[in-house]
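Protein chains in written order, with our numbering: chain A, 25 to 475; chain B, 25 to 475.
It is worth saying that the hints were derived from the structure and are not from the lab. Check before you lean on any hint, since a few could be wrong.
When chains are identical, the list treats them as one kind, so a pair holds in a single copy or across two.
Straight line, CA to CA, 16 Å or less: simulated EDC-like cross-link-like pairs of lysine to aspartate or glutamate [what the hints assert, rightly or not]:
| no. | residue 1 | residue 2 |
| --- | --- | --- |
| 1 | 262 | 199 |
| 2 | 262 | 166 |
| 3 | 262 | 172 |
| 4 | 54 | 229 |
Number of protein chains: 2
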Amino acid sequence: MDQKLQMLLDTVRRLVRRGAYPNLSKVLAKSHPADIAHLFSYLVPKEQQILFNLIENTEMAASVLSELEHSTGAFLLEQIGRETITEVLQEMPYDDAVEIIRNLPEEIAEEILTTMQDEHSEEIEQLLQYAEDTAGGIMSTEIFSLREETTVQQAIADLQQAKDVEMVFYVYVTDAHGHLVGVMSLRQLLTVSPATQLKDVMVTDVINVRTDKDQEEVAQLVAKYNILAIPVVDEWNKLVGLITVDDVIDVMREEATEDIYKMAGASEEELLYGYKSFKVAQLRLPWLITNLFGGVITGYLMWQFKATLSEVIALITFIPVITGMGGNVGGQSATIVVRGFATGRIDLSSLRQVILKELRVGIIMGAVCGITVGLVALIWHGNPFLGLVVGLAMISAMTVAASMGALAPTFFKRVGIDPAIASSPFVQTANDITGILIYFGTATLFISHLH
Amino acid sequence: MDQKLQMLLDTVRRLVRRGAYPNLSKVLAKSHPADIAHLFSYLVPKEQQILFNLIENTEMAASVLSELEHSTGAFLLEQIGRETITEVLQEMPYDDAVEIIRNLPEEIAEEILTTMQDEHSEEIEQLLQYAEDTAGGIMSTEIFSLREETTVQQAIADLQQAKDVEMVFYVYVTDAHGHLVGVMSLRQLLTVSPATQLKDVMVTDVINVRTDKDQEEVAQLVAKYNILAIPVVDEWNKLVGLITVDDVIDVMREEATEDIYKMAGASEEELLYGYKSFKVAQLRLPWLITNLFGGVITGYLMWQFKATLSEVIALITFIPVITGMGGNVGGQSATIVVRGFATGRIDLSSLRQVILKELRVGIIMGAVCGITVGLVALIWHGNPFLGLVVGLAMISAMTVAASMGALAPTFFKRVGIDPAIASSPFVQTANDITGILIYFGTATLFISHLH
């Protein structure tokens with residue numbers, strides 16, 4: 025937290041403690057909505073509620089709300105009267121209002137939509153039709169667009185009067201039927217003669233997305249073409265919305281966090297629960313229990329080799345390193361592939377090369393680690409055959425692990441399961457099992473030399 | 025890859041095969057630089073080289089180059105003549121040129137800087153002074169700024185003439201000494217009367233960063249305040265550069281990938297090496313070898329309990345599940361904390377709460393998993409004491425693992441080591457060791473009941 029925010033937090037806390045609400049109200053009115061929203065993450069629900077009620081300006085309240093984690097926003101709204109909710113939501117950009125409504129309990133959501141003015145509720149209900157993580161689900165419907173016959177002079181005049189349109193940088197141009205046909209930047213508008221019609225100067229090759237485009241792909245497009253906003257069209261190419269770069273930034277951060285959490289078997293959803301341990305535990309447990317049974321199966325396989333083991337108890341000393349290294353290497357390969365899918369760096373056409381590379385890398389690293397651990401075994405237990413068994417097992421286990429780590433996300437992507445969530449428990453269990461089988465298999469083969 | 029790009033790729037490959045270079049040249053001239061850059065990732069070096077040389081327009085070549093992975097860009101430049109390099113680099117925005125020069129072998133970089141026109145090389149050398157991952161290192165120096173006495177009319181006229189300034193959305197206002205004093209959006213400019221001076225209408229509270237600000241924090245600011253560009257000032261508050269949102273998107277993606285890779289013990293650097301397996305293996309091995317010795321230490325500890333083990337061989341069946349689950353839970357907690365640091369969601373003031381939460385979550389999940397695995401042990405080996413030992417060990421191991429997972433990144437952050445890279449091998453080894461000690465410690469305690 026930077027100093028400025030720390031000072032604001034201290035001030036706010038002091039004023040809340042003292043009950044100096046009029047002063048607090050003034051402090052809030054002077055702060056940036058994003059800063060107030062940031063403060064909320066350091067406050068307990070009671071303080072959040074007091075603070076939010078002290079924001080006098082409805083527009084300001086709406087801005088704060090759109091900057092909040094949407095779950096916190098939904099929680100706050102549940103605490104205040106239905107009328108106030110409706111008022112505040114009406115002040116917000118529709119796309120933000122929709123996200124908050126999605127997080128509200130269904131009955132409250134419906135009640136609010138009924139009390140809302142028709143013009144607003146219709147817009148919002150239409151947006152609610154789109155799936156949450158598609159272009160339609162995140163787009164804003166307040167677009168500044170003009171007809172292709174408009175003159176530049178008229179366009180500038182319209183622009184000066186446009187209200188409620190946040191962040192205009194491009195003017196989108198449509199034909200008589202609302203089809204997207206062109207685009208111009210604000211700056212281009214200023215550099216052509218006033219009498220020109222837009223259709224004569226506009227760029228006709230507009231990068232755009234359909235409403236059902238996945239939000240992650242939208243983000244990739246915006247990042248690739250370095251654009252500030254991307255227009256959204258329906259299936260008939262009619263302009264229906266706009267996704268601005270600030271929304272794209274949110275999407276990218278969200279998707280990255282989601283992937284990172286998923287790879288560790290956690291879920292971004294737990295951010296909604298803050299410090300509620302039981303809820304968080306509940307979210308993480310299914311993945312852990314899956315792993316637990318993987319571990320039990322591995323243990324069961326070891327049990328099958330108990331004769332070998334009780335003959336050569338030294339064998340147990342390398343179990344952790346062989347299963348552990350398999351897990352590490354498999355995890356690396358899986359991570360590279362999962363992240364590659366997410367950023368678009370790896371796709372089905374480059375996949376074969378990537379998998380072959382991971383296999384080669386696995387062999388090389390397996391050789392290095394196998395020789396290392398083989399030498400350790402030789403020196404420690406003074407038995408060259410033990411060194412050989414451990415080394416061979418390590419090389420094979422790591423090679424198999426690397427290939428499995430690269431193949432598993434591919435397989436899950438093909439069958440339509442999110443590779444980020446499925447890969448890790450699968451890869452880990454599969455690696456443990458093959459590691460153990462290879463290790464004890466080799467050991468049983470050389471058993472007469474291991475005594 | 026989308027259809028359009030697939031078609032372009034097919035066309036390009038066909039034309040390369042046929043040697044139809046003039047046609048290829050025409051196809052390239054009509055394509056978007058970002059699309060050409062994207063194509064490069066599917067081509068072998070030889071094809072990349074042919075293609076790049078066929079881009080006739082230097083400006084286009086510069087655009088393609090700035091869209092490429094910077095390593096691919098540096099590679100391509102090494103293949104073409106020094107003069108052409110210099111020409112192309114001079115056409116690029118300085119910030120992109122600087123990034124490419126940073127990736128070139130030092131002698132080539134110096135040679136280029138000497139041949140470059142002084143006006144360009146001076147700018148570039150100045151930018152090279154800033155550390156790569158700071159605001160100074162990523163900013164563009166082509167800023168559109170005006171003096172505070174300028175009238176709105178004059179400002180619009182200046183804007184119409186401004187060239188080489190990519191993506192103007194804000195006009196930055198400076199005083200006579202070049203200090204940043206205000207900002208106006210392009211749209212605001214259009215809505216005030218032409219004779220007004222900028223100082224009377226500008227917003228004076230400009231969000232800005234110092235040149236030495238970490239790029240990750242810059243990205244967090246831009247995301248937080250939903251701005252399209254952030255001005256960069258030196259230590260005397262003089263305006264020296266600008267970071268636009270498209271650079272921020274690159275930074276965010278880069279940092280997310282870096283964190284994800286690091287947590288798995290890989291490095292983003294390996295993307296530079298493509299399919300070169302030895303280089304990639306070299307990058308991943310140090311982390312693996314660290315883990316390897318962690319595994320050997322765990323094995324050594326198990327060896328200390330060989331008496332217990334050879335008495336009750338059934339104990340081995342739960343080693344994988346106990347060390348495995350510790351690793352999973354520790355990994356989850358570490359991931360939550362590392363990602364929290366990266367996104368700014370967790371900072372030192374909220375850390376205590378987070379660690380306590382992870383501890384509670386660890387206890388809850390430990391209890392659930394402990395009971396589950398205890399029952400498995402009881403049913404499988406028919407010994408209630410074995411169930412008790414396994415269950416107790418699981419609960420303690422998971423609780424310790426969760427706390428260690430949350431504490432390790434905190435510790436590494438405090439001592440200035442990147443938590444993303446250090447946490448995993450440390451947490452894993454520490455968890456394995458405590459898991460084994462707790463497990464065999466408990467087992468030794470109950471040994472008389474375990475037969």
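Against the structure, the hints come out as follows:
For the identical chains of this complex, residue 262 and residue 199 are intra-copy neighbours only, at 9 Å inside a copy versus 46 Å across copies, given an alpha-carbon limit of 16 Å. When the C-alpha separation of residue 262 and residue 166 is checked against a cutoff of 16 Å, the pair qualifies only within one copy, where the shortest distance is 14 Å, while the shortest distance between copies is 37 Å. Proximity of residue 262 and residue 172 under a CA criterion of 16 Å is satisfied intra-copy only: 14 Å inside one chain copy versus 43 Å between copies. In this homomeric assembly, residue 54 and residue 229 come within 16 Å of each other (Cα to Cα) only across copies, at 11 Å, whereas the closest approach inside a single copy is 43 Å.
Checked against the numbered hints given earlier, the structure satisfies every one of them.
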